[in-house]
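Those sequence lines, one after another, are chains F and L.
Anchor point for the first sequence: position 80 equals 80 in our numbering, and the numbering is continuous, going up by one each time.
Anchor point for the second sequence: position 91 equals 91 in our numbering, and the numbering is continuous, going up by one each time.
Please note that a few of the clues may not be correct.
[Unchecked claim] With a straight-line Cα cutoff of 25 Å, these simulated DMTMM-like cross-link-like pairs (lysine to aspartate or glutamate) come out:
no.	chain 1	residue 1	chain 2	residue 2
1	L	K110	F	E54
2	L	K110	F	E82
3	L	K42	L	D67
[Claimed, not checked] Covered by chain L, per the in silico footprint, the following chain F stretches (three or more residues, Cβ under 8 Å):
no.	stretch
4	36 to 47
5	103 to 111
[To be verified] Just a sample of chain F residues kept apart from chain L, beta carbon distances all over 12 Å, derived:
no.	residue
6	V4
7	T9
8	T14
9	G16
10	G58
11	N59
12	R63
13	S65
14	E75
15	N79
16	L90
Please keep in mind that the hints were generated in silico from the structure rather than gathered at the bench.
Even glycine gets a Cβ: it sits at the ideal position worked out from N, Cα and C.
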Amino acid sequence: ETGVTQSPTHLIKTRGQQVTLRCSSQSGHNTVSWYQQALGQGPQFIFQYYREEENGRGNFPPRFSGLQFPNYSSELNVNALELDDSALYLCASSSGLRTDTQYFGPGTRLTVL
Amino acid sequence: KQEVTQIPAALSVPEGENLVLNCSFTDSAIYNLQWFRQDPGKGLTSLLLIQSSQREQTSGRLNASLDKSSGRSTLYIAASQPGDSATYLCAVQRNNNDMRFGAGTRLTVKP
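Modelling step: build the complete structure from the supplied sequences, incorporating the hints.
What follows is the structure, given as structure tokens:
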């Protein structure tokens with residue numbers, strides 16, 4: 001059974017640029033959630049995708065957008081990067097909505113200069 | 001609005017000690033509560049999940065309790081080891097889809 005993977009591991013961008021982060025969900029999982037974790041804080045929910053449809057969104061502006069593909073992998077896109085977007089971005093997959101356990105990937109560390 | 005607070009923010013104990021980490025939340029309308037472990041710069045590993053109808057869960061040296069009415073959960077770690085050093089996060093899942101996390105307790109277990 002393959003776990004949740006994310007790419008890239010690290011990324012450095014400059015303010016105003018756009019970035020795409022990728023997540024491959026665990027085998028058999030159809031739900032992917034994305035979280036932003038700033039240094040020293042807990043993760044904050046960005047949004048969730050269930051069977052290729054957005055299924056809930058946290059308090060993040062529209063420049064944070066996502067996609068889920070037929071194989072249930074997912075992308076997080078962030079436009080017009082700001083310095084405060086520097087964080088660890090985590091994705092988590094699960095086998096359904098409000099299911100028992102979300103399995104987290106190792107994260108992508110984004111630095112915006 | 002759901003707020004999750006973890007106390008203490010950091011804890012340092014000698015090896016072998018039993019310890020308790022605390023988590024409180026403001027809205028008792030939760031679906032479940034979960035404790036995670038996070039090593040520096042890494043993702044989260046689920047330790048224990050307690051459904052809203054349950055009072056506690058145990059796994060090895062770990063025991064988590066949930067008192068939904070008072071908005072509190074504790075994570076008890078018995079006979080701590082240096083390998084337990086990490087940040088421990090609690091998260092509550094509401095009756096929608098997002099999980100709300102506390103800021104974590106950074107645990108150091110000294111040999």
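Consistency of the hints with the structure:
1. K110/L <-> E54/F: Violated - the C-alpha atoms of E54/F and K110/L are around 45 Å apart, more than 25 Å.
2. K110/L <-> E82/F: violated, 39 Å
3. K42/L <-> D67/L: violated, 30 Å
4. 36 to 47: holds (count 6)
5. 103 to 111: holds (count 6)
6. V4: Label violated. Min Cβ-Cβ 8 Å, cutoff 12 Å.
7. T9: violated, 10 Å
8. T14: Nearest chain L Cβ is 22 Å from T14/F, so the label holds.
9. G16: At roughly 26 Å from the nearest Cβ of chain L, G16/F sits farther out than 12 Å, so the non-interface label holds.
10. G58: Nearest chain L Cβ is 6 Å from G58/F, so the label is violated.
11. N59: With a cut-off of 12 Å, N59/F comes too close to chain L, as the shortest Cβ separation is near 10 Å.
12. R63: Per Cβ check, R63/F is outside 12 Å of chain L; nearest 19 Å; holds.
13. S65: holds, 17 Å
14. E75: holds, 18 Å
15. N79: holds, 22 Å
16. L90: violated, 6 Å
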